[in-house]
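Chains as they are written, first to last, in our numbering: chain W, 1 to 622; chain H, 1 to 421.
Honestly, I wouldn't trust all of these hints.
Facing chain W, a subset of chain H residues (Cβ under 8 Å, in silico) [what the hints assert, rightly or not]: (1) Trp103; (2) Glu190; (3) Ser317; (4) Asn343.
If you are wondering where the hints come from, they were derived from the structure by calculation, not from laboratory data. Heads up, the beta-carbon is just placed ideally off N, CA and C, and yes, glycines get one too.
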Amino acid sequence: MPPALADIRNTVGNIPLEWYEDFPHIGYDLDGKRIYKPLRSRDELDHFLDKMDDPDYWRTVQDKMTGQDVRLTDEQVALVQRLQKGQFGDASYDPYEPAVDFFSGSMMIHPVTNRPADKRSFIPSLIEKEKVSRMVHAIKMGWIQPRRPRDLTPQYYDLWAQEDPSAILGRHKMHVPAPKLALPGHAESYNPPPEYLLSEEERLAWEQQEPSERKLNFLPQQFRCLRAVPAYGRFIHERFERCLDLYLCPRQRKMRVNVDPEDLIPKLPKPRDLQPFPTVQSLVYQGHSDLVRCFSVSPSGHWLASGSDDHSVRLWEVNTGRCLKTIPVSGVVKSIAWNPNPAICLIAVAVAESVLLLNPGLGDLSATSSTDQLLSAFSPPEEPARQPVEWQEASAEEHGHGLRLRICHNKPVKQVAWHGRGDYLASVVAAAEHTQVLMHQLSRRRSQSPFRRSHGQVQCVAFHPSRPFLFVASQRSLRLYHLLRQELTKKLMPNCKWVSSLAVHPQGDNVICGSYDSKLIWFDLDLSTKPYKVLRHHKKALRAVAFHPRYPLFASGSDDGSVIVCHGMVYNDLLQNPLLVPVKVLKGHTMHRDLGVLDVSFHPTQPWLFSSGADGTLRLFT
Amino acid sequence: MAQLQTRFFTDNKKYAVDNVPFSIPAASEISDLSNIINKLLEAKNEGHKYVEFDFLIKGQFLRMPLIKHMEQENISTEEVVEIEYVEKYIAPQPEECIVHDDWISSIEGTVEWILTGSYDKTSRIWSPEGKSLMTIGGHREVVKDVAWVKKDSPLCLLLTASMDQTILLWEWNVERNKVRALHCCRGHAESVESVAVDSTGTKFCSGSWDKMLKIWSAVPTNEEDEIEDSTNKPRKKQRTEQLGLTRTPIVTLSGHNDAIFSVLWSDTEEICSASWDHTIRVWDVETGNIKSTLTGNKAFNCISYSPLCKRLASGNSDRHIRLWDPRTKDGSLVLLSLTSHNNWVTSVKWSPTHEQQLISGSLDNVVKLWDTRSCKAPLYDLAAHEDKVLCVDWTEAGLLLSGGADNKLYSYKYSVTASNA
C-alpha cells in the first residue's frame, strides 16, 4: 500500500475497516481527530463518465484507510502486473542464478573445510556391535527361526476342470445369444413423416391381411405432440411375444460354413509366370485380296504357305513378311498342309474337287530335288487297282508353277491332313456317304476309303502324332480309330452343337475341339470320353484351334476377330490333370463379312502364333 | 519452389565453368540448364556464342525435368548433384534417298561406295551421292547379305550371300567398272542369312538357316574345290549354272539349334553368332569350340560389336535392344536394354568412331540413333521409311544408311565428335 499523505495518517491500526462502515469517519489521525470519509456524492453515472473520460481511471484505486482516490504510478502498475503473473515483486531479482554448490560430489584440490574427520567415521559402532551380538545369541539359542517357505497351494480351484465338454453341463459353453429386437424405424414414431402414414386403401388392405402376413404389425399413427400419445395398447402382447421369442429360440448352434468366395476360385498361376507366349502383333503379311481361309508353316519355321479365296496360294518368308511366290490355282483354297517330313518339300492344297501337291522350291535345294525325284521315281503297277480317286501328273505349264500331282476327287474337298511321317495324306470330302474320309499314300499313289459306315457329316480329321490312330470329328462326336486294326477305339462326346476344328496335343493324349457354339473343349483321352474342360472365352463361333509343338501353349481363333492363347501344361505324371490357364487375347484382325479369324497355327520352334483372317491378311504375334 | 544444389563440370576445356555449386530450381529442364551454362560462359568471355548442351547425371542423359529424373534414378536430392554437360549432338542431316527396284535386305557402306543387297536378286554399288555405279546380278534367289572384302585397291573384292544357299565372291574392277564372279561358295543347305569378313580380309564366315556356321577363305585362287556332296545331278549341268569356281568351307561349326541370323568377327580369331535359338555363341576359330554362350529369352535377329567399348548390341524379336559383354563366361546377363521401338529390331550397328552411340532399325519403320547413356529415349528418331526397316549401317565417314521394305535407301550425314574418354 502506498503511504498515505503525511497529515492524514490513520491511527486505528490493523482492524477490519467494516467496523467503521456506519460512521461518517474512518479513524483518527495523529492528533486524535476524526478522519472523515470523503464525500461520496458521486453516483454510477459519474463513475461511468469517469470511466469514459479519465484515461487513468483504470489505475485509480481507493485507499480504504484514508478513503482517498490514489492514482498508481507506472512502477506500482508494473509491480501489480508482475505479482498477478506470479513473478517476484523485485524486477531485478533473478531466481535462476547459477547455484554454486559448495559441498559437491566432485573431489576438490583444496578441501572446503579443514576440520579433521570424526572419530566415529573410522571406528565401528558399539551400539551396532551390541545389536548384532544379541541377534547372534538369539539364533544360537534357537529364538530366531528362518522364515517358513510360503504355502503355494492355490486357494481356489477350477470347478469345471474335470467336466466333459460334451456333457450337458458343457452347454454353457455353447452360449446362444438371445435374438435381437429389430430397431424401431420412422414408422414407429409418434409423428412419422407423411410418407410413412398409410392411406385409406392401404389401411384397409392392412386390416384385411392375416396378422402373420402383415409387413408392419401396427398402424403408423400421427399425434400432435408426445403428450397426446396414449398408453401403448399392444404392450403386454409384445412382451409376451418377446418371451415366446426367447424361450422358443433354437438352443442348438447351427454350423454356418464361413467360406471366403475368393477361396473357391481355383489357384491359377499368373500369366506373367507362364511366359513365353505371344503377346504383341509383330508382322502383317499383306497380299491376298480375299479372305485367307487356311495356311501352314513349314517344318523348319522359315516359310509360310497360305491359301485364299482369291484363287491363289502364296508363299511367305516368315521373318520379314515378304511374299516370295504366288501360285495361281483353279478355285477357292479350302485347306493347305505342309508335309511335316523335313526331307520332303511338298504342300498339299485342297482346291475345289481336287487335292494338289505342290513343290514350292523353297528351302533346302537337296530336299526339293529329292522330292521331285521321289515323285518321278514312281512307276505305275501293272494292274491298276480300282481307286476312289484319280491321280494325275501335272502338265508342263503347271509344273513350272510348282504343281506336281493332282488327286482328283469327284466331290469338293474340305480338308487335307498329313501323317507325321509325310507319306500318308487324309482328305475330307463333302459327300453324304461313307466315303467322306479318304486315305492316300504318296509313295505308291494309292487311295482308299477306310470307313464302311458314316456317322454324320465329317468336319475334320487329324492323325495321332506317334501312334496309328486317326481322329475323325463329325458334327457332334469325335471318334478315334485304330488304323492297323481298323476298329473304333474311342468315341468322345464333346456335348456341343457343331464341331468346327480339331487339334491333337504333340504327345497325343490330349485333344482340343473348337465348336461353332463358341466353345473350346479339351479332352484328356486317359481320363474320360467326356470333356475334361470346356472353355467359353470366345463370343462367337470358333474357326480354328492349334497346339504348339514344343511349348505348352494352345490357341483358338474365332469369328469375333480375336485369338485367345492359353497355357496348357500336360504333365507326364498321370495323376496330375492338365493345367489350363488363358493367358492372352490377341486382337488385330478386322471383321469382314461377319468373319474374323479363320485359321491359327504356331511357329514350330518359337513361341509365336500366326493367324489368318477374313481381312485378307496373315498376322504374326510374338 | 524447391531448389537443388548442383555443380557443373565438363571435359571440354572450351566450355568449362567455375567449379562452384549452384542452386537451381528442381523442375528445370534441359533448356533451362543450357541457358544457365550459356549465361555463365557469357559472363566469363565476351565473344561466347549460344551453344545447346546436353546434360548427364551419373552417366545418364537427362531427358525430363531434373527432379523427376533424380526420383527415377534414386539420386539423393540432399547432396550437391554433379552434372556433366556436353555439347548437344547435332541432328543427322538427310542426304540422299536412293530408290531400288525391290526391298533392300542389306547395306554395307564404305567411304566411297555403298553396297546394297536387294530382294530383286541383285546387289548394287552406289556412290554416296546416289549414283548407281554397278549392278551385280548372278544369284538365283534373293540377296540376303553383302560385305566388302577389299575396298581400297582398284580391284575390289566383295561378297554376296543369297537365299539360293550360295555366297558369291566378286571382283570389281573400279577403273573399268567391270565385275567378275570369282568363287561360288557352296555348302550351306538353306538360305544364307549373314556373312562377315575378318579384319585381315583373308577369311569370312557365314551363318545360315541350316543352323551351321561356316568359315571360308576369302583369298581368290584359280583352283576349284571338289564338292563331296551327294547330289545326283550330273556335274556338267551344275557347271553351266554356276558362276565362278566352286569353293568349299574351311571349317563348319555346328552348335546352334535354330537358324543363325547374324555373324561377326569380334576379334581376329573369334566369331560371334546370333541365332533364333535364343543364344549368342562366341566361337574360337582356331579350335572350333564354343568359348561362351550368352542366353537371352527372345530370338536374336541381329548383333553388332563395337571394338571401342567391347560390347555386343543385339536386336531381338521383341522391342528391346540389349547390350552384352561377350567376355563373360557363360553369363547371360544383359548389361543394358534400350527400349523405345514398338516392334522387332531388325538391325543394329555401333558407331565406328563413338563408343557410346549406335543406330537401330526396326519393323516399326523407324531408325533410331542411340546413346547408351540414355537408355529410355533415343537421341534422334529417323522416321523417313514408309515400311519395315531391314538394314542399317554406319560408315566411318559419318554416314548413316538405312534400307527397308519401301525400296528406299536413306542416308544421313551425322558428324559425331569422337568420344573423349
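Do the hints match the structure? See the list:
1. At its closest, the beta carbon of Trp103 of chain H sits 7 Å from a beta carbon of chain W; the interface hint therefore holds under the 8 Å criterion.
2. Among the interface hints, the one on Glu190 of chain H holds; its C-beta lies about 6 Å from the nearest C-beta in chain W, closer than the 8 Å criterion.
3. Interface hint at Ser317 of chain H: satisfied, since its Cβ lies 5 Å from the closest Cβ of chain W, which is below the 8 Å cut-off.
4. Evaluation of the Asn343 of chain H hint against chain W yields a held restraint, the C-beta minimum of about 6 Å falling below 8 Å.
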